[in-house]
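Q: Residues per chain are reported as follows:
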Amino acid sequence: MTQWEAVIGLEVHTELKTATKLFCGCPNAFGFEPNTSVCPVCLGLPGSLPVLNAKAVELAIRVGSALSSRVQASQFHRKNYFYPDMPKDYQISQYDVPVNAGGAVVLRSGKVVGIVRAHLEEDTGKLVHKGGDGRIGGADYSLIDYNRSGVPLLEIVSEPDISSAEEAKEYVSELRAILVATGASDGRMEEGSLRVDANVSVRPVGSTELRTRVEIKNVNSLRSLGRAIGYEVERQISEYESGGSILQQTRHFDEASGKTLPLRAKEEANDYRYFPEPDLPPIAPLQAEIDRIVGELPLLPAGRRVRLFGLMPGASSDQVEVAVTEEVWPYVVAGIEIGVAPELVLARAANELAALVGNAGFLTPERFAEVVALEERFSPSQVKLLLKEAVSFDGTVDELVAKVGLSSSGAEDVRAMVGEVVEANPEEWRRFVAGDAKVAGFLLGQVMRKFGKAISGAQAKAALEELARGAAGL
Amino acid sequence: MTDGILTLDAGALSAAVRSGEVTAVEAVEAYLAQVAVQEPEVDAFLSLDADAAIAAAEAVDRARASGAALGPLAGVPVAFKDNLCTTAFPTTAASKILEGWVPPYNATVVDRVLAAGAIAIGKTNLDEFAMGSSTENSGYKITRNPHDLDRVPGGSSGGSAAVIASRMALLALGSDTGGSIRQPASLSGIVGLKPTYGRVSRYGLLAYASSLDQIGPMAATVKDAALMAEVIFGHDPMDATSLRAPIPALVNALMEGVTSFRVGLVSDLLEVASPAVASAVGRAAATLAQLGAKVETISIPELALGLPAYYVVAPAEASSNLARYDGVRYGFRGNGETAEEMMVASRSEGFGDEVKRRIMLGTYALSAGYYDAFYLRAQRVRSLVRTAFQEAYSRFDLLLSPTSPTTAFKIGERSEDPVEMYRSDVCTIPSNLSGDPAISVPFGDEDGLPIGVQLMGPALSEERLLRAAFALESARAEEGER
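Protein chains in written order, with my numbering: chain A, 1 to 474; chain B, 475 to 956.
No lab work stands behind these hints, which were simulated from the structure alone. Keep in mind it's a predicted model, so treat the numbers as computed, not measured. No false leads were slipped in.
With the C-beta cut set under 10 Å, the calculated list includes, among others, these residues of chain B facing chain A:
#1 Tyr579
#2 Arg803
#3 Tyr804
#4 Gly805
#5 Met817
#6 Leu840
#7 Tyr845
One-sided excerpt, in silico: chain A residues whose CB lies under 10 Å from chain B:
#8 Pro50
#9 Val51
#10 Asn80
#11 Lys88
#12 Ser142
#13 Ile144
Where a beta carbon is used, it is the ideal one built from N, C-alpha and C, also for glycine.
Using the sequences and the hints given, assemble the complete structure.
A: Here's what the structure looks like:
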């Protein structure tokens with residue numbers, strides 16, 4: 001029986017995080033009232049002309065540099081086709097000379113996925129189908145919102161180097177992390193600022209042929225991407241195995257049934273009649289400008305991993321993955337830079353901090369570093385408590401400690417505290433000393449309830465066991 | 475003074491308005507009276523607004539009364555070709571597909587002309603979307619040549635040319651993609667300047683062929699054309715192809731003569747001209763020589779290749795530029811059950827035959843499998859033309875040729891034969907392909923029909939072109955006085 005493998009290439013469209021649109025001064029923002037962030041240019045009114053947003057080019061170059069692409073002089077082309085959401089009935093895009101050519105994304109597994117190109121283009125408006133079945137063919141009428149028209153997009157096209165649904169998800173999540181790290185995108189798939197099309201075919205293992213591919217359009221979450229590819233790969237394999245063939249077509253993923261379905265009954269061969277956009281001169285970035293942009297690139301997720309594993313060869317890769325994310329990384333850097341043990345920084349960052357970072361308030365990276373550094377004086381549970389309190393506390397770290405009412409406790413103090421609880425619970429204590437381990441939880445609970453702000457659970461447990469050994473040994 | 479208003483040129487009228495000798499209202503009324511007489515015969519306007527013109531003139535007079543400084547075109551009546559966006563008038567490009575459409579913004583040139591104090595009289599007729607050489611392709615009406623009402627005024631800026639020739643306005647704006655300012659200027663006996671590509675902002679010009687389109691002044695005299703050029707030249711941040719070159723003082727340079735100029739008489743373009751036109755161009759060459767220029771004949775065979783290259787590049791760009799007229803957002807909407815049917819109906823019913831012909835030509839030229847043979851090859855020819863001009867301009871300051879091979883032809887005479895019509899532009903197209911400036915200036919006539927001669931120059935040589943045109947114009951005037 002034939003063994004099959006999937007051959008997958010992805011096209012990722014990301015909205016670039018510019019203040020204004022690609023060719024006009026309208027705000028590039030999500031969530032405006034329909035058709036309020038528009039002007040003659042992005043409405044494609046007769047006589048209007050595009051003027052290129054330099055910031056979009058800079059972001060494109062940042063991404064290209066992060067993907068090790070060749071950043072080059074480039075040219076816009078017109079892609080001609082009729083569609084109601086496209087106000088000029090052509091899209092200004094890049095064709096044979098994109099701003100970024102070549103490149104690669106290295107996945108966590110070490111697998112290298114080649115990049116064909118990452119080019120600039122304008123987004124279209126958005127159709128909202130009303131009535132009927134709510135799809136373009138069967139709706140009663142459609143409304144068009146042109147707020148999105150002219151929003152800058154970077155289309156990143158991969159080589160067909162991806163060989164499973166899981167790898168596709170890994171690729172997109174790594175690419176997303178790079179886009180966020182470079183400041184090019186906010187990476188929000190649910191708001192459509194990251195959209196993925198997948199080109200999928202299968203072939204017998206060992207073969208190098210490229211069979212007919214199917215394009216799956218606009219999958220809007222990582223999970224859906226995995227499901228859509230998984231379904232499509234199985235569909236193609238069973239088609240071939242039953243002696244059938246695969247049609248080159250565009251399919252969309254139906255969330256409810258988990259199936260991919262043909263988008264149109266009739267597949268039209270589109271001829272986009274590309275030609276150079278006469279309204280825009282070629283983009284010719286100066287080498288000095290490219291060098292400046294490359295020089296300003298932050299450390300990317302892959303580099304962050306290398307740094308952490310370099311410091312801690314045995315680090316947990318789950319913790320590292322949390323630590324290299326855009327939100328958590330600045331805290332990790334701050335902790336390591338003031339000299340806290342990297343293991344400690346990693347543990348607090350990957351656990352306690354990761355839960356707080358979405359709404360961190362006064363807990364800045366610097367404050368995080370200061371608090372984690374206190375773990376030499378305080379117990380881990382005290383430090384965790386301090387981190388939590390730091391979110392809403394505006395003051396110095398000493399004031400924070402004072403406010404929470406902590407003082408550092410020596411072993412002597414801990415024994416005294418445990419002793420107090422022991423005296424108050426003689427019956428439980430007797431059973432514990434006699435070997436009934438079940439009551440340990442009760443006793444420790446009492447200790448923590450009373451003294452939890454001052455001592456850690458581990459300290460209390462150690463002191464309790466020490467006292468018990470003393471009592472048993474007489 | 476008010477009796478002589480129609481005899482003043484734009485500079486003089488504006489000076490009179492600024493000094494208070496003539497009010498802007500008096501100036502506009504004199505021109506509106508002329509419109510009342512001429513327009514029923516000439517049919518040059520697609521929209522006219524006398525009340526608005528009077529109101530604008532009153533505003534200029536009030537500004538003067540309040541002590542405000544008035545602009546260089548204060549009180550001067552102007553007309554705009556109807557492919558320039560205006561908020562005060564509908565803008566249709568003479569196409570049914572845009573019937574009644576009023577843009578929400580003014581073209582940059584319109585803003586500049588109005589800011590200079592000019593008074594807009596109306597919008598002028600053209601071949602639909604500027605595609606044509608006779609103004610017969612208008613979706614609305616036929617404009618007649620004021621010199622002979624049975625003949626065309628030329629095109630596509632035929633309405634603007636006819637307005638100036640019949641003195642219904644003092645200045646007009648046209649657009650020139652393959653000769654659409656110069657050819658009607660020639661046929662209607664006025665001055666038309668196509669500036670260097672990028673000299674004048676195209677923002678607000680309804681695009682026909684974006685890499686060739688250029689807006690320019692049309693006027694009764696070279697001096698008026700120079701005055702208007704000074705107002706409309708200059709960089710515009712809304713047009714990425716707009717140049718940042720400084721604006722020369724054009725009017726003040728006119729008198730500087732042509733003594734140092736090396737002028738090339740282009741033999742290849744003389745050969746395509748009628749005997750009367752060729753002879754007028756010969757006399758123009760002799761006149762320039764008499765005035766001290768060094769005139770020599772030059773052959774530039776590549777220029778003949780311009781015509782076929784143009785009729786690939788221009789329709790290709792047009793096929794894309796005109797895609798947006800689909801009935802979805804503005805203008806005429808046809809009926810259809812689906813969005814696609816509606817778009818097809820809108821375009822089938824909204825566009826005229828010549829526009830459809832060029833959309834089809836251009837679509838074909840850009841199609842997969844034909845792109846290399848047509849579009850790419852035409853672009854290579856365009857490079858050849860550009861190189862040939864560069865070579866010529868290394869030896870000559872200016873080139874001299876006919877503007878149009880013939881004088882104005884009869885209405886209907888060429889409308890059945892598109893290719894014959896296309897040949898009307900053979901002398902003017904090369905400068906569009908190279909992006910260089912060129913001017914047409916009246917120089918003689920044939921049986922009362924005006925003949926224009928064309929001066930061409932390298933990029934940014936408008937000052938030189940205007941000086942030479944002014945010299946020819948002055949020489950003709952002296953000849954007339956003798």
